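Please assemble the complex out of the two chains, which come individually in their own frames, going by the hints.
Residues per chain are reported as follows:
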Amino acid sequence: MSLNLSHLAAQIDDMAESLKVEEKNWSACLDQALDTIQHQSLDPESLRRKIKDSRTTWLIAGITGQLDGRFTCPPCPPDFAVIATDGSHIGVDRHSPARCYLINIGSVMLRYGQQPDAVLHSQPTLYSNKEDLIIVDPRGSSELPIEGGLLGAKRAVAECLALAELGEELAPELPSTALVDGTLIMWGLAGHAYPEYVRTELLRNGFLQALDRIRDLGRRTGLALASYISLPRSTEVANTLRIALCPYDPPDCDRHCPRKSSSVERECDTVSGIRDRDIFHAILEPGDRSATFVSGSSIVQDYYADHEIRFFYLKVDNEIARVEFPCWVEDMGNLDLLHAMILDQCRRGHGYPVALSEAHEQAVLSGPDREQFRHLLELTLNEHRLPTGTSEKNRSKRTRWV
Amino acid sequence: MAARIGEVIEASTGSFVAECYDLHSPPPLGSLVRTSDSEVDIFGVVCHASTESIDPGRRPVARGRDEHDEENIYRQHPQLSRLLRTTFETLAVGHRQGDNIYRYLPPRPPRVHGFVYLCEPDDVRRFTASLDFLTILLGAKEVTADEVISACLRLASCAYDDSRAFLVGAGKELAILLSSDLNRLNSVLRRIRQ
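Sequence lines, in order, name chains A and B. Take 1 as the starting number for the first sequence in our numbering and just add one per residue. Take 403 as the starting number for the second sequence in our numbering and just add one per residue.
Here chain B stands alone, though its shape is the one from the complex (with noise of 0.2 Å):
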């Protein structure tokens, strides 16, 4: 059974963000997670998360100058878990209509309120046994999407037993559709190298 992790509070075509149930548990960066709008099921990478105020008006405070564990700043301030909350937000990278799974975007945003699950090895490897929504996360506008796609393949890579060979693999592929430029290829293979 997936885990649940969280709702989603904004929908649009090609990203949806999400608040999670749990403070400070945001999948990691790179997770492939799962969503729906009705019969389709959608996917996404994650490509940035944070915690903040709930209330944008109100920052939080430094409060720990006089306590030795972190936690207990918690614990001397219970409301603090409710002022606080952790989103995160993905980048809708295919769907699954049926049986099939296409690495595109879906037809419609998720709904917002709409259940997010972290992806199960099995939903990981059906998902990347084809590397097509690799073109989704190179032209993403994030500074951060060439750490979005190492982060998103060395995590899928743990899905595999042969984790190398699928790394290889998405290495490949990666030269291929970075082969006009051969500087972002670099870094991005850098950081998928085990």
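One chain only, chain A, in its complex shape (with noise of 0.2 Å):
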């Protein structure tokens, strides 16, 4: 049946009304931010030593210059390439009568200059060896099977293997720029939710060893790495304030203000509900990016070593993007190219940068993609007379009757 309308207006009216509240009070949260954040820039070093003494629930930011600097845009090489890779799965179907996945990868490479050129590709891999679909606990005791969170991940390191192979392939005089989507953090492998194991698995002999192959490119040709993130969600920076604005030194959350009822009004809440990219949308001009910022994340500290996750923002036009990319690339010098690049990709691709996006449209998988994958997948097995049996319930979905 089709979605119940006439039910679900009254509610978004009702969450139109609520957020109309909440607009009021934003904005002199955001007042308090930029007063802040104009009035910490004069003293960095009292607040960095702040931040280092602190103890707080959030995560903070940690900073490398001033906290409003803004950089303007320098100009693109005359020559240059961007490449950029992108993924998309189809999980394990529990109805399925065969256990699998697949990861579809998508590569681009754009060259500009005197000599354009692109270069579109998608490479689809069928997972389904025992040891593709579960990760082991190498003592034995467990093992995991790579689904959800974990594809997920999987994924991301199959995508920057993708890039690292794509950059080897550049000419090596060539100023070039490698874009993933979104972040660069795994994030969901942080915290208690995963054992040990998976962490060595997709994060140490997966992802940070394809980071490692991209720097020791980037140590050869210069290449430059970082990963785009659109409309950014985050408030390290924000939280950062909070920390100028806690009366406390060193601030101590749990200790100072233990969180006993949300009513009870703490003084950083005075900018709470501000994200990252408020404060940065009216610091920046459109083009300019911010100071560059390091990741507090757990999983950065404990694991990335010498990747340790940076970011800065960038305003491109009508929006705020956050940019995250290896400490390596700035300490090479690469933080300039980096940012004309991204700009230039952006205004390329209205507002978007092209070669992510073309990945992603490389990479995508379609409703009609995943029904002749299914179908293909069934062709297969009857061919081999294996046996292509489904679940009642899935049998049930796909032929709909009254």
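Just so you know, these hints were derived from the structure itself, not from any lab. Any given hint might turn out to be false.
[Claimed, not checked] Label-pair restraints from in silico Cβ distances: (1) 472(B) - 394(A): 48 to 56 Å; (2) 414(B) - 332(A): 53 to 61 Å; (3) 544(B) - 392(A): 32 to 40 Å; (4) 500(B) - 369(A): 29 to 37 Å; (5) 416(B) - 173(A): 49 to 57 Å; (6) 486(B) - 173(A): 25 to 33 Å; (7) 425(B) - 77(A): 21 to 29 Å.
[What the hints assert, rightly or not] Selected chain B positions facing chain A (in silico; Cβ < 10 Å): (8) 461; (9) 484; (10) 487.
Bear in mind that the values here come from a model prediction, so they are computed numbers and not experimental data. All C-beta atoms, glycine included, are put in the ideal place defined by N, C-alpha and C.
Structure follows, in structure tokens:
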């Protein structure tokens, strides 16, 4: 049956009313945030010390320069290339007779200047061996199936490996940037959601080894690497302002402000609800980037070693984007190149990097693609006289009847 | 050596569609082209060409507001040449088996991925030595059938030393075939007049 819009409309109306109230408070909070950032920029050293000593419940951005620093965009080199990868997958279908999953990686190389060129490519890979389907604890005590979040992490590894392979095919003298969509931080593997052997397999031996390859390539050829987040929701810089506003020194949330009730206001709540993008939308002019910040996420600090993730915000005409990169990109002096190429990509792509949007188009698996995959799978199993039975639930979904 | 211009991507008894190897370079309307089905060469007359997005869900958007030169749009967006394609459709008008040319439909459609060649003047002269194939073009359902016939005859005439004599002969043939439709005959004749 179709969605009952008449019931939904009233609920959307209620939501809009409460958003209107929040909007009024939000403007006051933003003014407070902007005042604080300007004030703190006068003495970043003391804020840095306060952050170092703090014990907070939020993620805090590390400061490398002035909080409200802004940098205009340098010109792009006359000849350059941008490479990008993106991925899409079809997970294990528990109703299917064959246990397998599919990862489709879209790769793009765009070259600009005297010899413009484009290479667009997609590569599907089917994973069906036992070692592809589960991650086994090498101590032999347990195993986890590669599904859900773990399949997403596996795909991120495949995207990064494909990017390294693409980078190795570039002309070494050509200034180049490698892009991936989203974040370089494997948030899904952080915390206690997965055991250590999973992080070893997917992060240490997978994602970070792919980053090693790109870094080594960067050392030889100057290739820069970044990920691009459109309309980011992060609040790491805004949380840094909370530290600045905290009346206690050193700040210790659990000790000084235990949250017994959400109605109890804290001094730092004067910037609550503010996202980093709100702050930088007010500070930056179109084309500018912010100062560089260091990710405070525990997974980066514990595992990324010399791939420490840093980020800046970039104002692309109407939107603030977050650009994440490993510290070696900045250490190699490639930040200006990154800034110029990403902004150029956004302008060519009507607000979003054209290489990423084409990589997505190469990777995306549409509804008919998924249906054809399922059909081909069943057909092939039939040809090999293998069982093709499915669950009654699945059969009922496929053959809809009244 | 005839120029290879594309590859069959759709084939049926009476027509085939080919994709050009080069963007924006379809053979001219009315050209005689050739492809094959194993031992049989199949001749077709180009009746339609188009350039569009490879992905039907993605339409091209205007990009040149600030450009002075159209070519610069392609230089600034090199992916465009990979995302667009030019195709052309031809009406099958005859076939060749050994040395014999037959100006009626081939026994089978060409193979998909069969190479398509633009016919050389020699082939054009051999094929248009008889104009029996005009009945196929006259009977075509395409709204531009008369345009295709006249374009085909104009182009074919270029393969002859005495192109006027060829066109006069073609005009006489058309006068017989279209004797019951003088308006249409006049319309085609006006288009082939040099």
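Hint-by-hint comparison with the structure:
no.: 1; hint: 472(B) - 394(A): 48 to 56 Å; in the structure: 52 Å, holds
no.: 2; hint: 414(B) - 332(A): 53 to 61 Å; in the structure: 58 Å, holds
no.: 3; hint: 544(B) - 392(A): 32 to 40 Å; in the structure: 51 Å, violated
no.: 4; hint: 500(B) - 369(A): 29 to 37 Å; in the structure: 45 Å, violated
no.: 5; hint: 416(B) - 173(A): 49 to 57 Å; in the structure: 54 Å, holds
no.: 6; hint: 486(B) - 173(A): 25 to 33 Å; in the structure: 30 Å, holds
no.: 7; hint: 425(B) - 77(A): 21 to 29 Å; in the structure: 28 Å, holds
no.: 8; hint: 461; in the structure: 13 Å, violated
no.: 9; hint: 484; in the structure: 5 Å, holds
no.: 10; hint: 487; in the structure: 13 Å, violated
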